[in-house]
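Undergrad: Chains as they are written, first to last, in my numbering: chain W, 314 to 760; chain E, 60 to 580.
It is possible that part of the hints are untrue.
Simulated crosslink set (BS3-like; lysine-lysine; CA at most 30 Å straight-line) [stated by the list, open to error]:
| no. | chain 1 | residue 1 | chain 2 | residue 2 |
| --- | --- | --- | --- | --- |
| 1 | E | K337 | W | K347 |
| 2 | W | K468 | E | K267 |
| 3 | W | K756 | W | K703 |
| 4 | W | K633 | E | K267 |
| 5 | E | K283 | W | K633 |
Simulated from the structure, these hints should not be mistaken for lab results.
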Amino acid sequence: MRYLPLTPEDRTEMLARIGAPSVDALFADIPAAKLNPGLDGLPGHQSELSVERTLGRLAARNVPAGSVPFFVGAGAYRHHVPATVDHLIQRSEFLTSYTPYQPEIAQGTLQYLFEFQTQVALLTGMEVANASMYDGSTAAGEAVLMAHRVTKRRKAVIAGNVHPHYRETIATLSRYADDGVTALPPAPNGAEDILAAIDGETSCVVVQSPDVFGHIVDLKPIAEKAHAAGALLIAVFTEVVSLGLIEPPGAQGADIVVGEGQSIGNPLTFGGPYVGLFCTRQKYVRQMPGRLAGETVDADGKRGFVLTLSTREQHIRREKATSNICTNSGLCALAFTIHLSLLGETGLRKLARLNHANACKLADALAAVPGVKVLNGAFFNEFTIRVPGKAADVIEKLAAKGVLGGVPYSRLAPKAGLDDLILVAATEINTDEDRAAYAAALKEVLA
Amino acid sequence: MNREGRGATTPITIGAGAPQTFTGNRALDLEEGLLFEIGRAEVTGVDIEEAADFAPRLGGHARTAALELPGLSEPEAMRHYVRLSRMNYGIDSGLFPLGSCTMKHNPRLNEKMARLPGFADVHPLQPVSTVQGALGVIAELSRWLLSLTGMTAVAFTPKAGAHGELCGMMAIKAAHMANGQTRHIVLVPESAHGTNPATAALIGYEVKSIPARADGTVDVAAVKAALSPDVAALMLTNPNTCGLFERDVVEIAAAVHAAGAYFYADGANFNAILGKVKVGELGVDAMHINLHKTFSTPHGGGGPGAGPVVLSAALAPFAPVPALVADGAGLRLAEDEGQSGAAQALGRMSAFHGQMGMFVRALSWMLSHGADGMQQASEDAVLSANYIRACLRDVMSVPFGERPAMHEALFDDAWLEGTGLSTLDIAKALIDEGYHPMTVYFPLVVHGAMLIEPTESESKASLDLFIGALRDLAFAAKAGETERFLGAPHYAPRRRLDETRAARAPVLRWTRPAPLSEAAE
Ligand SMILES: Cc1ncc(COP(=O)(O)O)c(C=O)c1O
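Kindly generate the complete structure, drawing on both the sequences and the hints.
TA: In structure tokens form, the structure reads like this:
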């Protein structure tokens, strides 16, 4: 077996050195009747070529986004990632290293985490960011728990236009933690009344912008009302590229900002692994979940970086930790950081503008299809259309015509009774031909 | 010659008399500034088409302030991150004996497979008719995991081990709720990983700790004494964090079940028992499996991972959404609680459907090894750990040494008594020898713990050299060569870092230094 360096002679010698009569003697603590049960039904080892064939067959049964006109978003977005990014994250020293618990031989990881934290803070307009969470949805769940710790209250208000998967992730965590959640109903036209739900028991208000329907939300009045009630504003985003063009949540009074960072540096990969971004104000840093890289000096006085404030974390504080998170999304954070260093402010702004421009063009093309209504006035790179009939059927028919046209809202929230809405995303990858193909196919499907 | 007659080791003098360099570099050891010091906001390393003039529809929410994000041209970015990478130690650099973390070889075939467009370029919300192969990967991975564990169902969405713990413990809470029971206590042995108590506390359980007996394993009697109608579950790591198999596990499970509680197993150490025993036959109700340990998906400097959870028949109905369902039309996902296939689902762990990128890599590892290769891998991992223990026990001290080790060799610091040195000093001296240190100060039940996990990926020559280095360090420690340790590491990109200073006044991001004129005031 190509991955196992020990030879039969090595094994014999090693057993002799140990003084064990057989390998199974080393497993003597396993109840004898249960030892070596046999793995019926599993094949034997295979060559690299043979594994490639097997997995290649499975891969071939999927339709890659790049092979069709593609407009699917709703929390994961297809962007172009420079070749440099994937090359660099496969450097052995990044790919095969562990959590930087031994900082003297992990300065590479620690320095990029410090750069990552700074970039995320600059993007969101917040003071501090951590070294990543699993993804945007779990970051949102952790943000709510953090708000409970900060405010010593236990009731969260979740806006209706937060991504349904994020809502469910928060609701699930809250249910098992015995915390309260007030989940508002979705408002596809964007006119949500969040303010009325905030009261003196509210620990936090969770608002997404751009929201799941694509509307850009003015966070300032919500922040004001929340703060007046002694609650925190948690701002969520699923499309981080939007921060290149729209006002950051940090400038609008958000206390905690969480979001999905996949769009920068990371492929779609059927939903994971992605990278959760988590930021807050300096004054709350000790209530934050997750790892933090910080600057210090070494014994020779040279600048270096370490993991710090770990008294918040499970390996030190155990049941009193701020979170149970251990493994996070380090390598996805690296991809994010490299891609964003390549973009820089200039590139990010251009990219964001191109996304918005393409979405405007697409909205106009689809609005011209008979029977289709675009629900958004303002949006970034994603918007919602209302179609006659069932959105899920329309999407299936479009797929049969070779167009992946978006996400039926009913797929995300089957019980909401909103069966005629499609969430449509446009990014820099879409061409004029893609948009024309979508509009033409939609026209045929609805005819 | 070292004290064991091996070849010469590097002398300990540290470049004394070597000249200072202008750049601060030393040949291949290159210093590198922060992105924020070398980048400029007006530079970009990505050529992007300029959007033609259009009327933005941002509804008055356009960003006005600058982001102050520096950019790098492509050659600058390449060099910056390559230089950073060279300050890191990885499995590909050398033996990485980090106990509990299973730092085994990461086959590049797995990386290649995960990058096939049919996996990497597929959106989680595409119509299911267009992702049958991706769902096929989940089905196939589940089949292998169930076969290896003898369990009933797999909850595949958890994103890492700790997230899997949360999923399993929620399933347990859901099962109690379904039985109309409210229980408040979760039993956790003292030796457990920090994520176990942290997870139980996260969902409102009170953690009660179970002491270990003198041989490092959990006593049935101690579990029985702690059980009551208020106990919801026992969380037990097996093999445990001392590297021992909990030999009374069957009786422990029976006692837990008799008290109406469930048995959560932490599967972080699954690498020791592939094909050797099925946890389903030991009475386990839920166990997470860290695909980034046992199944070789890269640790990537701290993540990402994947933590699917195998469930017993009692807990299977509570698996979270989405659930994978096979019906006449092929594979589909039950994505909403209450849908057929997820009638009693506990809820949702996260957006979408889990860590597909990790599933592909893990499945690639499984297919490569096959049933025979996996069993051989576990046997080699266990053999290597026992070999290290056998070769070091005369110079270092082995707690619980009367029982065979599993895939980890645990040492304590008793052998350092009188040397003035600590476990940390040994770890830092190992860095100078070209190794990543073992896990230190974990598990907490052993004083100054050093937990060595070689995995199955080391040749005998590699193990022997590592053993030689540790023996030499042991002799040096006992011979009073303290400078070799207290000043260590001498040869790493950085000497010991001041962690107290980092925590006292945390600097967690770069900020633009004040202009000189202001700084002077
Ligand atoms: C024994 C044990 N349990 C749980 C975990 C947590 O797993 P993860 O880091 O994947 O969340 C670890 C990881 O180090 C571990 O060693």
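Undergrad: Quick check: which numbered hints come out false for this structure?
TA: Nothing - there is no hint that the structure violates, so all of them hold.
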